[in-house]
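Given the sequences, and given the hints that come with them, work out the whole structure.
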Amino acid sequence: MNTSLHELGLLATAAALAKKEVSAVELATALLDRAAQVEPKLNSLTWQERDVVLAAAREADTARAKGDTRPWLGVPLAVKDVLSVNGQPCTAGSKMLRNYVAPYDATVIARLRAAGCVFVARTNTDEFAMGGSTATSCFGPTRNPWSPARVPGGSSGGSAAAVAARLAPAALGTDTSGSIRQPAAFCGVTGFKPTYGRVSRQGCVANASSLDQIGPLARSVEDAAALYQAIAGVDPLDSTTSPRPVGGVLAAAQQARDLKGLKLGVPREYFIAELAPELAQLTRAAIDQCAALGAEIVEVSLPHVSASLPCYAVLGSAEASASLARYDGMRYGLRVDAPELMEMYDRTRAAGFGDEVKRRLLFGTLVLTSRYHADFYLRAQKVRTLIRQDFLQAFTACDALLGPVTLTPPPRLDAAPDSASARQWGDYCTAGVNLAGICALSVPCGFTADGLPAGLHVVGPAFQDELVLRIGAAYQHATDWHQRAPTGLE
Amino acid sequence: MSDYIASIGLEVHVQLKTRTKMFCACPAHEEGEPNTAVCPGCIGLPGALPVINREAIRKTVKVGLMIGSRISLYSTFDRKNYFYADMAKNYQITQNDFPLCIGGGVTIQVDGQPKTIRVHHIHQEEDVAKSTHLDNSTEVDFNRCSMPLMELVTEPDMANADEVMAFLTTLKQMLIYADISDCNLELGHMRCDVNSSVRPAGATKLGVKTELKNMNTFKGIQRALHYELQRQIEVLRGGGTIAQETRRWDDVAGVTLPMRTKESAPDYRYFPEADLPPIVLDEATIAAWRAELPEMPAARRARFVQEYGLPEYDAGVLTADKAIADYFEAAAKQAANPKAVSNWVMGELLRALGEQGQDITAAKITPAALVALIGLVEAKTINMPAAKEVFQILFENGGDPAAIVQAKGLAQVSDTGAIEGFAAQAIAANEKVAAEYRAGKEPALMFLVGQVMKLSRGKANPQLAAEALRRQLKG
Numbered sequence: 003m004n005t006s007l008h009e010l011g012l013l014a015t016a017a018a019l020a021k022k023e024v025s026a027v028e029l030a031t032a033l034l035d036r037a038a039q040v041e042p043k044l045n046s047l048t049w050q051e052r053d054v055v056l057a058a059a060r061e062a063d064t065a066r067a068k069g070d071t072r073p074w075l076g077v078p079l080a081v082k083d084v085l086s087v088n089g090q091p092c093t094a095g096s097k098m099l100r101n102y103v104a105p106y107d108a109t110v111i112a113r114l115r116a117a118g119c120v121f122v123a124r125t126n127t128d129e130f131a132m133g134g135s136t137a138t139s140c141f142g143p144t145r146n147p148w149s150p151a152r153v154p155g156g157s158s159g160g161s162a163a164a165v166a167a168r169l170a171p172a173a174l175g176t177d178t179s180g181s182i183r184q185p186a187a188f189c190g191v192t193g194f195k196p197t198y199g200r201v202s203r204q205g206c207v208a209n210a211s212s213l214d215q216i217g218p219l220a221r222s223v224e225d226a227a228a229l230y231q232a233i234a235g236v237d238p239l240d241s242t243t244s245p246r247p248v249g250g251v252l253a254a255a256q257q258a259r260d261l262k263g264l265k266l267g268v269p270r271e272y273f274i275a276e277l278a279p280e281l282a283q284l285t286r287a288a289i290d291q292c293a294a295l296g297a298e299i300v301e302v303s304l305p306h307v308s309a310s311l312p313c314y315a316v317l318g319s320a321e322a323s324a325s326l327a328r329y330d331g332m333r334y335g336l337r338v339d340a341p342e343l344m345e346m347y348d349r350t351r352a353a354g355f356g357d358e359v360k361r362r363l364l365f366g367t368l369v370l371t372s373r374y375h376a377d378f379y380l381r382a383q384k385v386r387t388l389i390r391q392d393f394l395q396a397f398t399a400c401d402a403l404l405g406p407v408t409l410t411p412p413p414r415l416d417a418a419p420d421s422a423s424a425r426q427w428g429d430y431c432t433a434g435v436n437l438a439g440i441c442a443l444s445v446p447c448g449f450t451a452d453g454l455p456a457g458l459h460v461v462g463p464a465f466q467d468e469l470v471l472r473i474g475a476a477y478q479h480a481t482d483w484h485q486r487a488p489t490g491l492e
Numbered sequence: 331m332s333d334y335i336a337s338i339g340l341e342v343h344v345q346l347k348t349r350t351k352m353f354c355a356c357p358a359h360e361e362g363e364p365n366t367a368v369c370p371g372c373i374g375l376p377g378a379l380p381v382i383n384r385e386a387i388r389k390t391v392k393v394g395l396m397i398g399s400r401i402s403l404y405s406t407f408d409r410k411n412y413f414y415a416d417m418a419k420n421y422q423i424t425q426n427d428f429p430l431c432i433g434g435g436v437t438i439q440v441d442g443q444p445k446t447i448r449v450h451h452i453h454q455e456e457d458v459a460k461s462t463h464l465d466n467s468t469e470v471d472f473n474r475c476s477m478p479l480m481e482l483v484t485e486p487d488m489a490n491a492d493e494v495m496a497f498l499t500t501l502k503q504m505l506i507y508a509d510i511s512d513c514n515l516e517l518g519h520m521r522c523d524v525n526s527s528v529r530p531a532g533a534t535k536l537g538v539k540t541e542l543k544n545m546n547t548f549k550g551i552q553r554a555l556h557y558e559l560q561r562q563i564e565v566l567r568g569g570g571t572i573a574q575e576t577r578r579w580d581d582v583a584g585v586t587l588p589m590r591t592k593e594s595a596p597d598y599r600y601f602p603e604a605d606l607p608p609i610v611l612d613e614a615t616i617a618a619w620r621a622e623l624p625e626m627p628a629a630r631r632a633r634f635v636q637e638y639g640l641p642e643y644d645a646g647v648l649t650a651d652k653a654i655a656d657y658f659e660a661a662a663k664q665a666a667n668p669k670a671v672s673n674w675v676m677g678e679l680l681r682a683l684g685e686q687g688q689d690i691t692a693a694k695i696t697p698a699a700l701v702a703l704i705g706l707v708e709a710k711t712i713n714m715p716a717a718k719e720v721f722q723i724l725f726e727n728g729g730d731p732a733a734i735v736q737a738k739g740l741a742q743v744s745d746t747g748a749i750e751g752f753a754a755q756a757i758a759a760n761e762k763v764a765a766e767y768r769a770g771k772e773p774a775l776m777f778l779v780g781q782v783m784k785l786s787r788g789k790a791n792p793q794l795a796a797e798a799l800r801r802q803l804k805g
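Taken in sequence, the protein lines are chains V and Y. If you count the first sequence from 1, you need to add 2 to reach the numbering used here. If you count the second sequence from 1, you need to add 330 to reach the numbering used here.
Simulated from the structure, these hints should not be mistaken for lab results. Wrong hints could be hidden among the right ones.
Said to hold, decoys possible - Here are the simulated distance ranges between beta carbons:
no.: 1; chain 1: V; residue 1: A399; chain 2: Y; residue 2: T615; range: 38 to 46 Å
no.: 2; chain 1: V; residue 1: M344; chain 2: Y; residue 2: V538; range: 25 to 33 Å
no.: 3; chain 1: Y; residue 1: R349; chain 2: V; residue 2: T64; range: 38 to 46 Å
Yeah, the Cβ is synthetic: ideal placement off N, Cα and C, and Gly gets one too.
Rendered as structure tokens:
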């Protein structure tokens, strides 16, 4: 089986290791070799040190030889370059942090490390997770494995591309307005944004604290559920995590076969003129599939969905303007010296941040000034409440929502991915979920005529993460879109 | 000054006495090399999140309860944004919209009359790092960064520096009493921003105020206020207007100097701190915290007068320090004569503590031992000099007073025969003094009593000695 070790998904990898069909070193070697082959084309990773990875894998093998039976011992994972892994760089795709090495583990990393995982690579991201293309990274753009002329989406585009290209069985990403689900849809993998408060954010470079959430990108819903279950749950270091028990999410996903007894709502506002006809068709087909699996399909409405992007622009930028204030050259990261303190700040931040980050920080700073606070920040908070109420209202008529993840297939890299139009429409279907603090999943649901992947969006109420994963798992049980892999990368 | 009146309000920052910092698990103490009590949280590393120190919340709420504030059942944290080298995150986590305690007041004595200084609110926040400015550089110590602070904001109810001093002294005493803070001013545990304005007597509308930032000694506040109020009055007298501005006190030059005007004041861009959930308190918790409050100094002072029959003066001295008051009360409860206990505590005990620069916990003499010692004096078993000697032994080593008296042979000689003998010897050896007494010079007797004490090596009962001398000199 060593010719295709990189093909194994997360649970399959864990099983193969447990049965000693393969060693952690063999597995890591296969992934390292695979990366050496495809990375020149993809640029999905920001850090991967062969010696470090092999040493960690050897350690796992030694532990297993001594009787260590932790379920994920030696399981390789890729990590978005915004999550702290002790001893590894954590750059957030920014010049500002290019020389920064994290001195501590994020809570999710500590949990996975305790389970035995090996962190084999760090994945590319839009700078400070701000963007939908992974093109604003200081490491240069990542390419879509299905079509290297196109973007992989973002900001977790490195994680999505790496999982799609078989550089790791699964990866961690973060989602502030769609940053897991949109690249998952663009790269034909499964991506899950858990309910806000489900997964600890401790150790995750903050973009917007009230919206950020860490989640899995994987080759199947079952793998995503397994990874989610491993990282979810209350954390004393993140006061926004919920004490509610996580439950047996993986088992529930593994047992899901049909959607009988479920009422699934289709928000009419997602099917707007800007939705590419091919994606509308693929989404409709996926919804039909869900009906065939026994779900009752109902039409619902999210009247304020069109306000979610401007609302996110105000609130996300406002929060980011404070979150990123700490990058000032004083204690770590880039410093451009100057004779005076304030000038040092100016020079450091002018040199360290890219255009998109600067744009958001300026805007976020502006909307918080006493002059604009009421007109922008407070008004956006009120809109956020309306958006949350939209979802609550919709969930009185159904158990979960179905729709498209993106309005278009992945755009070409040269089509100015950070253009005004991309900003206007990029997270149209996804940002509302973050503003409402609820959970959502992106599962592959077919391909365009050009062979570009499409994603089905499954949106659930707060803390119904298990339900959303169950719906996705039942869908995947009946379809094989998620099993397709891009070719010709070598 | 009489044609102008002043209004002064304070923003008092108090460092709370907690084991750990406000938003992380680093130890909250001043010791240690710079930048050793730090973690990803308090130096603002990427990804680190704050966690609320519940003990700090409890302490701040207790202050609110002490001064009669309304305690918020729901309060929230906000981010206050500005860039400076002592700020790890370049925002301070504080409370802007919904502070923990609203209203309340602190009663001070002004010319023997009570006056209540109203408190606007008390909020919870974190400290910044400590900057030390050198010639060409600044050193920043993040050990202090994120130390728990409460900020108490008063209404402009104080009329002069004396009232400000009375307010701060009273507040400090309450805070120490309830174990809220050590209030060590040298360590910066209490720092004030002083807002002041003056207006012509009779005017109702407050004048334009200035703010003196970061005052950290009572003496400095007093001097700065004297200067600043006089400065404002002179500006107004000269027909000028007061600029609303922030000023700083130059302690060496003895003047206040402008720092920044209202126009150049930073816009802090407050907004809710999404990393922290609201603090939700229930009545039961607040009631439990209220039950933990000690009796406040003023109430205790009044009770000491009533319950133990002490003079006001004694009650004031004894209640100034809670530990001393506790000690006194433990002894007074067992004593037949509380005033005698008060005399010993205010006299010998405070003297001995003062000499050693120690607090009451260092004294080995238990309240019971002190009461026993007083009993020995009142029963005339020992005289005062001997009692002081015994006290010193008890203070340093503890033990049982009666046993010490026995071991040291300090019991008074009350045997009349022996005293008569010492008296005869004293008269014989000092005929001249004896003659003076006989001639009507009463004070001469004290000299002779002294001689008797000397002959008895301090053990004679002085009263019996005086009686014996009188008898023999008459005869």
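Cross-check of the supplied hints:
no., hint, in the structure
1, A399(V) with T615(Y): 38 to 46 Å, "holds (40 Å)"
2, M344(V) with V538(Y): 25 to 33 Å, "holds (29 Å)"
3, R349(Y) with T64(V): 38 to 46 Å, "holds (40 Å)"
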